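With the hints as extra help, turn the sequences into a complete structure.
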Amino acid sequence: MRKIFLILPILFLLTLMGCSKEAKPPVEGNPAPDFTLNTLNGEVVKLSDLKGQVVIVNFWATWCPPCREEIPSMMRLNAAMAGKPFRMLCVSIDDGGKVAVEEFFRKTGFSLPALMDTDKRAGKLYGITGVPETFVIDRHGVILKKVVGAMEWDHPEVIAFLNNAIAQAK
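Numbering-wise, the sequence shown is residues -23 to -1, 1 to 147 according to mature numbering (1 follows the signal peptide of the UniProt record, and there is no 0).
Honestly, the hints are just simulated from the structure, not real lab data.
Heads up, a few of these hints could be off.
To be verified - Here are the computed lysine-lysine pairs in the BS3-like style, where the Cα-Cα straight-line distance is at most 25 Å:
#1 Lys61 with Lys97
#2 Lys84 with Lys23
#3 Lys101 with Lys75
#4 Lys123 with Lys28
What the hints assert, rightly or not - Label-pair ranges, simulated between beta-carbon atoms:
#5 Ala59 with Lys84: 37 to 47 Å
#6 Asn141 with Arg83: 15 to 25 Å
#7 Asn141 with Glu79: 31 to 41 Å
#8 Gly6 with Arg83: 33 to 43 Å
#9 Glu5 with Lys84: 15 to 25 Å
#10 Thr95 with Glu134: 26 to 36 Å
No experiment lies behind these values; they were computed from the predicted model shown.
Beta carbons: idealized from backbone N, C-alpha and C, even for Gly.
Encoded structure:
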């Protein structure tokens, strides 16, 4: 009888853990969580509508030094991939939203295809723990790579990786 009283609380805790509604962060090889966000000019972008393209989803903020450091290479990568089935989505988590991002671009001369995630829902879907965090998504909507921290996005190896991802899905 005592064993039952010892086992019941353990079973109850295990049941609660299995019923957790908290989403687990996506990992490489799994489908990318879908989201819908607005661009600076109000265009609505839904990730699932971009199937057929390799997509980079980069979570960033204007106040983040490593984010600022990688922006020029992201701009060069975006230019290098023009005309290919490729899309770059730079998801800003700035509390100041559109105003903060537009002011940052105006002051720095930088320009990225920015989406606004001021309520941080997309960031939560992806389980980001900081910025920059980037996800490379294949043409079928599956996460190929997760990159934590800044990177030289226009490095020849990165471009070859992306071109290979584009070729793989044909």
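Hint check results:
Annotation: proposed proximity of Lys61 to Lys97 is violated, straight-line Cα distance about 29 Å (limit 25 Å). Of the pairs offered as hints, the one joining Lys84 and Lys23 is violated, with about 29 Å between alpha carbons and a cut-off of 25 Å exceeded. For the hint pairing Lys101 with Lys75, the CA-to-CA distance comes to about 19 Å; that is within 25 Å, so the pair holds. At most 25 Å may separate the alpha-carbon atoms for a hinted pair to count; Lys123 and Lys28 meet this at roughly 18 Å.
Here the CB-CB span from Ala59 to Lys84 is close to 25 Å, at odds with the stated 37 to 47 Å. Between Asn141 and Arg83 the beta carbon distance is about 36 Å. The supplied range of 15 to 25 Å is therefore violated. Asn141 and Glu79 have their C-beta atoms about 35 Å apart, which keeps the hinted 31 to 41 Å range intact. Checked against the hint of 33 to 43 Å, the pair Gly6 and Arg83 passes, with Cβ atoms roughly 40 Å apart.
Under the hint 15 to 25 Å, the C-beta atoms of Glu5 and Lys84, about 36 Å apart, miss the expected range. A hinted range of 26 to 36 Å holds for the C-beta pair Thr95 and Glu134, which are about 34 Å apart.
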